[in-house]
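A.B. asks: Whenever a hint applies, use it, and build me the whole structure from the sequences.
Number of protein chains: 2
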Amino acid sequence: MEELKKRILKEAEVGEGDIIRVDMFLNHCMDVALLERIGKALAKRFKGERVDKVLTVEASGIAVACFTALALGVPAVYAKKFQTGYIDPDVYAAEVHSFSMEKSYTIRVSRRYLEPDDRVLLVDDILASGQAILGLLEIVSRAGAEAVGVGVAIEKATKDGGEVLRRMGLRVESLVKVERIEDGHIILGED
Amino acid sequence: MEELKKRILKEAEVGEGDIIRVDMFLNHCMDVALLERIGKALAKRFKGERVDKVLTVEASGIAVACFTALALGVPAVYAKKFQTGYIDPDVYAAEVHSFSMEKSYTIRVSRRYLEPDDRVLLVDDILASGQAILGLLEIVSRAGAEAVGVGVAIEKATKDGGEVLRRMGLRVESLVKVERIEDGHIILGED
Numbered sequence: 001m002e003e004l005k006k007r008i009l010k011e012a013e014v015g016e017g018d019i020i021r022v023d024m025f026l027n028h029c030m031d032v033a034l035l036e037r038i039g040k041a042l043a044k045r046f047k048g049e050r051v052d053k054v055l056t057v058e059a060s061g062i063a064v065a066c067f068t069a070l071a072l073g074v075p076a077v078y079a080k081k082f083q084t085g086y087i088d089p090d091v092y093a094a095e096v097h098s099f100s101m102e103k104s105y106t107i108r109v110s111r112r113y114l115e116p117d118d119r120v121l122l123v124d125d126i127l128a129s130g131q132a133i134l135g136l137l138e139i140v141s142r143a144g145a146e147a148v149g150v151g152v153a154i155e156k157a158t159k160d161g162g163e164v165l166r167r168m169g170l171r172v173e174s175l176v177k178v179e180r181i182e183d184g185h186i187i188l189g190e191d
Numbered sequence: 001m002e003e004l005k006k007r008i009l010k011e012a013e014v015g016e017g018d019i020i021r022v023d024m025f026l027n028h029c030m031d032v033a034l035l036e037r038i039g040k041a042l043a044k045r046f047k048g049e050r051v052d053k054v055l056t057v058e059a060s061g062i063a064v065a066c067f068t069a070l071a072l073g074v075p076a077v078y079a080k081k082f083q084t085g086y087i088d089p090d091v092y093a094a095e096v097h098s099f100s101m102e103k104s105y106t107i108r109v110s111r112r113y114l115e116p117d118d119r120v121l122l123v124d125d126i127l128a129s130g131q132a133i134l135g136l137l138e139i140v141s142r143a144g145a146e147a148v149g150v151g152v153a154i155e156k157a158t159k160d161g162g163e164v165l166r167r168m169g170l171r172v173e174s175l176v177k178v179e180r181i182e183d184g185h186i187i188l189g190e191d
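Protein chains in written order, with the UniProt record's numbering: chain A, 1 to 191; chain B, 1 to 191.
Don't read these hints as lab results, they were simulated from the structure.
Hints are not guaranteed to be accurate.
To be verified - Here are the simulated DSSO-like pairs of lysine-lysine, each with C-alpha atoms no more than 27 Å apart in a straight line: (1) Lys40(A) to Lys44(B); (2) Lys47(A) to Lys177(A); (3) Lys6(A) to Lys103(A); (4) Lys47(B) to Lys10(B); (5) Lys177(B) to Lys44(B); (6) Lys44(A) to Lys10(B); (7) Lys103(B) to Lys5(B); (8) Lys103(A) to Lys103(B); (9) Lys40(B) to Lys40(A); (10) Lys177(B) to Lys6(B); (11) Lys44(A) to Lys6(A); (12) Lys10(A) to Lys177(A).
C.D. replies: Shown next as structure tokens:
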């Protein structure tokens, strides 16, 4: 996705430990017109597949999930990371390890919103080590549902999440791939 | 908003302590086509006002904020409740008390995404005691920016948040008002 490549090269910042900051347009301050186009582009990649639901994890995946689901004409569900407000006690849960936070957390989806015959598209803003997606896959599996594939705006090929998921036989679509960081500069690959 | 009233009367559930569950279409499993119309309806209420940014709190406010911001043609920013992944150390922060959780938490917005001349529309899915909106107001004030008003999908008039905010001189627009709960039944008012 050329537009997203340009925005990354123009605005993204490289922080300590080669983290890539895109919070100026993707996941804190959100350019929602861009996010709408990201959603449409991800939906297009899975055109021809039956998708019943889009599933993501709060909070940074929600915008991408909403716009992808809107383009596909299906509901979006987000797994909860935190116990705030009411949460259904009857949930599918999975443990997710965060390497950046150096801790694990539980993600939960109410059993009411995943059914055994659902074909579920997993989406997120960024795919790095793939831990969050692996947690969502576990939840989809516990529900007896089927994962159609994984769609992300940005894949960090510097981490092995994409490779791990593809080796599991999953279709992984990323709109932009970050190949590597060289002296604080972001080098993008072909998607 | 007639469509939202109908959905509430048809699908919402009343739980312990008269909490209203709308997680089947609004804030866990999301009917994104409905949410898009909610965003358009909120944007329409503030037509004629200059709005530079839409501001909400993660996670349940993000979808409403995205679609309202899209309809207004401005960015959406969400305050972070949790320290996950990278967060700018240079933030505006406010303490928010959650009555339902019986604890307080800190919400944070990077200083880069609120500017002194910004006119900010605060949005959320549900307005009850108004604590989250009061926290956002504090952040807007710390940034030297101006709050245009508050837009929510559902206002629980059984709690005093809307009244408190209006008494402060704020314009509060809610698409549907829950007047009261009678024997487990939801009674809606006129918006």
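A.B. asks: Now look at each hint and say whether the structure bears it out.
C.D. replies: Hint-by-hint comparison with the structure:
Distance restraint check for Lys40(A) and Lys44(B): the Cα-Cα separation of roughly 24 Å lies within the 27 Å cut-off, and the hinted pair is therefore satisfied. In summary, the hint linking Lys47(A) to Lys177(A) is supported, as the alpha carbons are separated by about 21 Å, within the 27 Å threshold. Pair hint Lys6(A) plus Lys103(A) does not hold up; C-alpha atoms about 33 Å apart against a cutoff of 27 Å. A threshold of 27 Å between alpha carbons decides the hint, and for Lys47(B) with Lys10(B) the separation of about 30 Å lies outside it, so the pair is violated.
Taking the CA atoms of Lys177(B) and Lys44(B), the gap is near 18 Å; set against the 27 Å cutoff, the hint holds. Between the alpha carbons of Lys44(A) and Lys10(B) the distance comes to roughly 33 Å, so the proposed pair goes past 27 Å and is violated. Annotation: proposed proximity of Lys103(B) to Lys5(B) is violated, straight-line Cα distance about 31 Å (limit 27 Å). For the suggested pair Lys103(A) and Lys103(B), the alpha carbons sit about 22 Å apart, so the restraint of at most 27 Å is met.
Simply put, Lys40(B) and Lys40(A) have alpha-carbon atoms about 19 Å apart, close enough for the 27 Å limit, and the pair holds. Distance hint between Lys177(B) and Lys6(B) is fulfilled; the C-alpha atoms sit about 12 Å from each other, no more than 27 Å. Taking the CA atoms of Lys44(A) and Lys6(A), the gap is near 20 Å; set against the 27 Å cutoff, the hint holds. Pair hint Lys10(A) plus Lys177(A) holds up; C-alpha atoms about 15 Å apart against a cutoff of 27 Å.
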